[in-house]
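Undergrad: Residue numbers (the numbering used here), protein chains in the order written: chain A, 1 to 846; chain B, 847 to 1071.
Check each hint, because a few of them may be wrong.
What the hints assert, rightly or not - Far from chain B, some chain A residues (derived; all Cβ distances over 10 Å):
1. V277
2. M429
3. N541
4. Y543
5. L751
6. I791
7. S837
As the list claims (entries may be wrong) - Below, simulated BS3-like cross-link-like pairs (lysine-lysine); rule was C-alpha separation at most 25 Å, straight line:
8. A:K425 to B:K1064
9. A:K428 to B:K1064
10. A:K425 to B:K856
11. A:K425 to A:K438
12. B:K1064 to A:K835
13. A:K225 to A:K70
14. A:K572 to A:K584
15. A:K438 to A:K421
16. B:K867 to A:K421
17. A:K81 to A:K131
18. A:K835 to B:K867
19. B:K1021 to B:K915
20. B:K1064 to B:K915
21. A:K131 to A:K473
22. A:K390 to A:K514
23. A:K390 to A:K438
24. A:K390 to A:K19
25. B:K867 to B:K856
26. A:K428 to A:K393
27. A:K393 to A:K51
28. B:K921 to A:K835
It is worth saying that the hints were derived from the structure and are not from the lab. Quick caveat, the model's predicted, so the values are computed rather than measured. Using N, Cα and C, we set each Cβ at its ideal position, and we do this for glycine too.
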Amino acid sequence: MIKVNSKKVIAKLSWRSLKANRSRNIIAVCAIALTAILFTTLFTLGIGTVKSLQEATMRQAGGDGHAVLKYISDDDFNKVKDHPLIKEISYNRMLCDGLENPEFLKRHAELWYLDDVGLRLGFCEPTSGHKPAAENEIITDTKTLSLLGVPQEVGAPITLTLNIRGANVQRDFVLAGWWESDPTFNVGQILTSRAYVDAHMAELQNNYSEDHSLTGAINPVIMFKNSLDLESKLNTVLVDSGYSLDETAPNYLDHNVNWAYLSTNFGIDAGTMIALVSALALIVFTGYLIIYNIFQISVIRDMRFYGLLKTIGTTGRQIRGLIRRQAIFLSVLGIPIGLLAGFFIGKALVPLVIKQSSYSESSVSVAPNPWIFIGSTVFVVATVLISTRKPGKMAADVSPVEAVRYTDGNVKSGNKIRKSKAGGKPIKMALANLGRNKKRTVLVIVSLSLSLVLLNTVFTLSQSIDMDKYLSKFVDTDFLIAHADYFQNDFFGKANETTASFVSAVESQPGFEKGGGLYGGREEPFTVTDENNPSPGINSNEYGDFIAAVYGLDGLPLERLELIDGALDYDKLATGNYILEGVKLDDNGNPEMDSIHYQTGQTMTLHNEKGTGESLDERAYTAREFTVLGHVAIKTYSNSDRIAWGYTFYLPADVYTQLVAQPAMMSYAFNVEDRYEAAMGNYLGNYTENVEPVMNYTSKLVSATEFEGMRSTVIMIGGALSVIIGLIGILNFINAMLTSIITRRQEFAMLESIGMTRPQLRRMLGCEGLYYALGTAVFSLLFGVIFSLLIVQWFCGQLWFFSYHFIIWPLVLVLPLLIVLGVIIPLVLFTVTDKQSIVERLREAE
Amino acid sequence: MTILETNDLKKYYGTGDTTVKALDGINLTIENGEFVAIVGTSGSGKSTFLHMLGGLDRPSSGTVIVDGKPIFSLKDEELTIFRRRKIGFVFQNYNLVPVLNVYENIVLPIQLDGNEPDTAYVDQIINTLGLHSKLENLPNNLSGGQQQRVAIARALSAKPAIILADEPTGNLDSKTSLDVMGLLKVTSQQFKQTIVMITHNEEIAQLADRIIRIEDGKITVGARK
């Protein structure tokens, strides 16, 4: 093969023919931009959501460091810090075993020294004031300040009670700066200066392995170059620095990688993967439908030109290059527009998604991540190249002789024969015209149908979200009140129990019907003896008994227990000889019977560390026999502490309170008369805001609102995508109609010359548009029904809070609009393009 | 009987020094059943003249009377309807509707008028033009000569007062040209059809009953008024 340098002339040719195709260019740029919008929206939405969730998780995990070492000494720190794998390492030193100020009873606080790296990785850089420098300067978060009752003022005095290896020491500090508390972060952070550390060096000498004291222990946070395979990087660092990975070895360092980075947390599961891949495929397909159509039409129109080029010796390769060059140039114009618009659309949608996640209180951050733009660009360019490949090949393969006779519609007509006698009627002629290029007609119809089917799917999904299923999972009674920690899955016991004042305030409200408390907690841990447990030693104590959750129920919650087998005999239960075992429910509300440990009628022994002493040695290890009366459902959000325990039991509150020394009310559930529901909601909102801010509540109303939010999110996101895909479909239709009208100008002139009036011509074009619309209607109805029954139904079956409902009305509702557009668009285009006289148009071909 | 008459027909393009006189005062009468050939060099104004006769273009001044009707007194819409009833066109490049079969193309003007075709008459045309075996074919599968025969059949089908043929043999080889001319001649006689044909081919023109020569927008030969 001879290599020739023809780049320049090809560039010139492609530039010139680009300029000659103005209307195509505008439509192509729009199409590419819309495709780019779709990709960018998807990527922004995806990356933005994952990133926001990740940040929320990291805040909960206490920072975005990749790994931490725990309780090490200065010597250890110096050995590790210069390892080549480590990009950054922070120096975080605990300065006491705890802060004993009474203000920190409900929300603990810690006193640390963090170097600059530590401040940054821990999200603790002061937003007001300055970093601590002097020995007595501290910075902290705003919630800690408000608990202490200290004003947000540089120089405000603060007295802290430090627990130094068991001894309380009072020290005076002044406030140097503060930052806004993160609502997901439940421990107060008080940070002081290097000068403090230097001044108290003796006190901070730490020997964690011997006395387990935290005072002076260093917990450095490590950042590697990237977050891949953190576990083995951390192990390499430790081994290289001369430490053992064996927990029992004397030179073992306690360590762990940040669980926010572990893929299991929000790893892409199969469902998400399928959704993502099908969304990408859908967009590629949508883009292909229009871009292919645009280029195919344009190549056919320019066929004579390509034939001419071939006649004078242009090779097929060069013609392909010419078309690719035009496509790329149009992409250069279209992609940036799409990237920008898509980014902002995606950015607007991310908060809606986050709101639906369990991290609803977290701040949303959508930064213009370069990967969003790189990824979208790659996908758009790929779509454009795939779409222009065939038209390019068609132009490259044309024979120069045939090209001269090549006109749209006369393309190697498959049909030689047409059996009809009435084609002269405009309505019938219109139908025949659609048959000129069947493939194009099909592409346009499919392109228009896509958005309709998507729209219908979106509404089907939103309608299939089952309010009852959703509510029954989250609320069992009208209201549930408890300490705020309970709702953070962090109920412990007496320290964060539901206050009696709150309960009596609620009981005295108008409309209050019936209520009851739920008792539980981990302060006097329960265990059970179970010889049949398949994995002894796991979740068990020194006696070989297994940790269990036991709840005492009173009144309403007791009555609302859902019996699975056995009997719910309150009299027997009240004797104190019987117990109910809890059974986990799967997402669809079916009991997981293989999770039970005791059969109905079997006896079992319940133990607990009864007493209030700090150390377990001061407590009594009790044992009491019960007969299992039956099994009841564990409702995670209404009758458990929201943590999945291996063993769960329910007892009447009277029996439960005998078992523990200090019963703690975990939550209180109650119903109100229907007409007082809203009033009670307002009362609780106000009460938990102003009277007892650490208390909180959920209600059917709140959950119903969340539920509506989820429904509107589905509609918002799906609707936005449908609208964009719909625009692409309409653009495709406009392009097909416009080029069809332009290429047939001469034919129209001929028709007029043999007596077709303008109204007849318009009727014919209107009918063509109408047939497109009707074709789309038929296809989308057919495909929409099949898609809904096969795919959407399957999808709804995968998610527990969906009950599939077949609906087709959203599609049917849009059809009239489609039909109006279908008729109007060709008429408008005809009026716009029809400027020349008959004679001029007749001559055009000569 | 006079079927077509023009009076001082003028068509000027532009103004002042750049005025182009495409037609410069043409007076012509054509009798019913005549087969007239209009000849002239390219740019002589013969095509413009034919377009005027068919009402495709409006003159700067003067009148065209077809079958007793001054056609430029009609509005565009009326003119189109008049055209499909009274005038048949045959073009150089056939101009058949590619998506309609031969039969549909032939009866198109009748159907556009909302009428059912006169089957006996249409069959007669089809037989005369030898298109019987091709009725269900699409135009692209026909040769040039066959396509032009379809175009002639289409022009005849509405029983127009006059057929205007614009270089009907321009795209055909000489043998086919003679065949098509023979058919035009036959139809002219058989159906008493007035035909006005423009051509630049003297030999073809000789087959007509009468030859009119146009030079620089004026009739030089054959005005007969």
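Undergrad: Take the hints in turn and mark each one as holding or not.
TA: Structure-based check of each hint:
1. V277: It holds; V277 (chain A) is separated from chain B by about 41 Å at its closest Cβ, greater than 10 Å.
2. M429: 7 Å, violated
3. N541: 87 Å, holds
4. Y543: Correct as stated: the minimum Cβ-Cβ distance to chain B is 91 Å, above 10 Å.
5. L751: Given a closest Cβ separation of 7 Å, the condition is violated.
6. I791: 37 Å, holds
7. S837: S837 (chain A) is in fact no farther than 10 Å from some Cβ atom of chain B, at 7 Å.
8. A:K425 to B:K1064: 41 Å, violated
9. A:K428 to B:K1064: Judged against 25 Å, a Cα distance of about 44 Å means the pair is violated.
10. A:K425 to B:K856: 37 Å, violated
11. A:K425 to A:K438: Holds, because 21 Å separates the two Cα atoms, which is no more than 25 Å.
12. B:K1064 to A:K835: Not OK: K1064 (chain B) and K835 (chain A) at ~30 Å, beyond 25 Å, violated.
13. A:K225 to A:K70: 21 Å, holds
14. A:K572 to A:K584: Roughly 24 Å separates the two Cα atoms, so the pair holds.
15. A:K438 to A:K421: This hinted pair holds, its Cα atoms lying about 21 Å apart.
16. B:K867 to A:K421: 45 Å, violated
17. A:K81 to A:K131: 23 Å, holds
18. A:K835 to B:K867: 24 Å, holds
19. B:K1021 to B:K915: 38 Å, violated
20. B:K1064 to B:K915: 23 Å, holds
21. A:K131 to A:K473: Answer violated: K131 (chain A) to K473 (chain A) is near 47 Å, above 25 Å.
22. A:K390 to A:K514: Answer violated: K390 (chain A) to K514 (chain A) is near 72 Å, above 25 Å.
23. A:K390 to A:K438: Given pair K390 (chain A), K438 (chain A) holds - Cα atoms ~17 Å apart, limit 25 Å.
24. A:K390 to A:K19: Within the cut-off at roughly 22 Å; holds.
25. B:K867 to B:K856: Cα-Cα ~8 Å, so holds.
26. A:K428 to A:K393: Not OK: K428 (chain A) and K393 (chain A) at ~34 Å, beyond 25 Å, violated.
27. A:K393 to A:K51: 43 Å, violated
28. B:K921 to A:K835: Holds, at about 18 Å.
Checked against the numbered hints given earlier, the structure breaks hints 2, 5, 7, 8, 9, 10, 12, 16, 19, 21, 22, 26 and 27 and satisfies all the rest.
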